[in-house]
Amino acid sequence: MLFLLLLSSVACLSLAMNKHYKACFNRAISAPKERVLRLLGWGLMLVSLGMALVQQRGGSMGFQFMQWCCLLSVAIVLQVWLLNRVQQHKTQHGHKANNLKKANTRKKVNNIKEARNSKKTLAKN
Amino acid sequence: MKPTFRKSMIWLHTYAGLFFAWLLFAIFLTGTLSYYNTEISHWMRAQVNTNQHVEPSANDIQRALHTLSQRAPEAVQWGIDFADDRGGPMRLRYRTEEERHSWTVVASPETGTFVETNPLETRGGDFFRTFHYTLSLRDFGGRYLTGIAAMVMLIGVFSGIYTHRRFFQDFFTLRGPDKLKYLKDLHAVFGVVTIPFCFVICFSALLIYISMYVPFSIHHYFDSYRQLDSQVSTRYSRIEPQDDSLAKPANIPNMLAQLNAQWGSGYRLDSLSIDYPHRENARYIFTRDKGKYLSNKSESIALNHAGERLESMPKERLARNIRRIFYGLHEAHFAEPVLRAVLFSLGMMSSVLIASGVSIWLNKRQGKTQAKKDKWITKLHVGVTYGLCLAVAGYMLCSRFVSWQVAKGGSSAAMHTEPAASMNTNAMSVMDIELSLFFGIWLASVIACIVLANHLGKRLVFLACALAFSALFMQDLLAKHGVLLALQRGDLAYLTISLLLFLSAAYFAVRFYRLAINKTGAQENDTPRRGNKPQRKHVEESH
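In order, the protein sequences belong to chains C and Z. Each position in the first sequence, counted from 1, maps to that position plus 126 in our numbering. Each position in the second sequence, counted from 1, maps to that position plus 3 in our numbering.
In isolation and in its complexed conformation, chain C is listed as follows:
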């Protein structure tokens, strides 16, 4: 759960960079979009940090923070790998890539939506 939040935040941040946005959507990023993505990314990261620190299932704050750092590292590596895959698919088979890319972005959007939903449910609880 925490990890999904982190992953989507990292995904947003990476897509806010023109290079990776281009790689995924085939066109340059517009300024407002970049801002939105960047804000969303940092926001999600803050939320996840907050969540990590607030939930204390029998553990101390230090422990939660450390866990958060570790998960963040893994999320970054995973995202790097994902972007690399997208890139590779494109260079290998140009046409197929379109579909794949869409699927990939859909996944990401779903990720984010899911994260939001779970946030909402958490808030309700």
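Keep in mind that the hints were calculated from the coordinates and are not lab data. A hint or two may mislead.
Think about it this way: if two alpha-carbon atoms lie no more than 27 Å apart in a straight line, the pair counts; the simulated BS3-like pairs of lysine-lysine are [to be verified]:
id, chain 1, residue 1, chain 2, residue 2
1, Z, K182, C, K148
2, Z, K5, C, K216
3, Z, K182, Z, K367
4, C, K145, Z, K182
The following residues of chain Z were derived to be distant from chain C, with all beta-carbon distances above 12 Å [what the hints assert, rightly or not]:
id, residue
5, R66
6, V79
7, G145
8, T176
9, M316
10, A322
11, L346
12, S348
13, R368
14, Q369
15, Q408
16, L455
17, R517
18, N521
C-beta atoms are modelled at their ideal positions from N, C-alpha and C, and glycine is treated no differently.
Given the coordinates of chain C, assemble chain Z onto it according to the supplied hints.
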């Protein structure tokens, strides 16, 4: 001195890294393996040691105490270390005036007591653990060497930030087929990701042995480290045995109730130790697991035989607590399976980081002069890094073969007490065998890589690694006490190691396959993208 600050940083990063790379690689790889210290021991001893973690009941404790009283009636201290969920077995220990003794036990359903088992006397995962900070040179300054290495790693991490300063622009980037670029990006990404990890690990390593590394200030204020230690850390006060009294039976249920009242539910008993078990003022000290706290001091409660609380331990000073927290961070005693896997992969990433640094340097220099020297270093690099992986596999295989021999040799009567003596003489040699095997294989693969041409040597090592790891995995699959039994019992600790073995086998097989089909590229150009376990997934899925 170089003209600019950045240039001198690059110089520092390159040469500090280069000189210590192999040492650091060995330390990081074995250190990472020792995250699964207990699990590896459990895996290696699985032939005989099949007991499992269960919450000890009052009855269990009573029976363990009974066993102890039969075995060591004169002891001044008894101890029980309970089995844990990471595959650590239950152990009993006692201490008399002259000697200490401890042994592994398993509950025997027939007699209702705990009987001694003879787990295979291998060092298990503890070997990696001690190797990663002593380098098997404990008496020759091995720990100073690792201390220096830790310091160099810190230097490398910080100078690396200057050297690869473009990594924020190129964040999330892995550039394609060009090897050097790919390696560089990999190095940068893993570097960024593991900055906090490496920092904490190296810094805490220095703090753990701070008494060795900074002896001067201690000797200025105290006579010895021991004196300092007695000032900062606290322990239970000594008790004097009442000479003419006899022990009253311990009220175990009452004690457990007391513990529950204090700690609530959701704790795991770690150990119980009893001072002067035969006197009326015997003291029962229960220690719980360290839970999700960073400090490596675990809470404990002292009770008397009736289960009433005795004086507790005074609080420790702040300085000691800080060291304890870093100690805990280094050892990660708090990690549950998922977090442990994450830390393990971070450790592997830093190993890859170190090895890829050397590869970058070698790749960069390819076109330049001094080709002969470089060739040597390339060969050595392959031999040292992959040779170490091979040595790890060989070390683990050794335990399997020995236990197989033991089982075949008719002493499947490991449960009997009679052949214990012969087993023990045998056991000494097992430790020696596995140690010499480990270093022998490592050395052999280095020599093989030097003697053979580069691409041949590399293929040989890959093939050997793939074969060794798959032999391990196959053996595990076919063995009586192997992965199938573990699956049935849901023995997570065992399965983790089996899974890692499978991944390693797959990784090396893929690497070998790629090298083998790439006959035309058999020139120098196939130096590594060296990766261990975490990377394996990349490789597998890209095929």
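So, going through the hints one by one against the coordinates:
1. Z:K182 / C:K148: holds, 23 Å
2. Z:K5 / C:K216: violated, 43 Å
3. Z:K182 / Z:K367: holds, 10 Å
4. C:K145 / Z:K182: Given pair K145 (chain C), K182 (chain Z) holds - Cα atoms ~21 Å apart, limit 27 Å.
5. R66: About 30 Å separates R66 (chain Z) from the closest Cβ of chain C, which puts it past 12 Å; holds.
6. V79: holds, 35 Å
7. G145: holds, 29 Å
8. T176: violated, 7 Å
9. M316: holds, 19 Å
10. A322: Holds: least Cβ distance 17 Å, greater than 12 Å.
11. L346: At roughly 6 Å from the nearest Cβ of chain C, L346 (chain Z) sits no farther out than 12 Å, so the non-interface label is violated.
12. S348: Since the minimum Cβ distance to chain C is about 7 Å, S348 (chain Z) lies within 12 Å and the statement is violated.
13. R368: holds, 26 Å
14. Q369: holds, 24 Å
15. Q408: Given that every Cβ of chain C is farther than 12 Å from that of Q408 (chain Z), nearest at about 41 Å, it holds.
16. L455: holds, 33 Å
17. R517: holds, 16 Å
18. N521: holds, 18 Å
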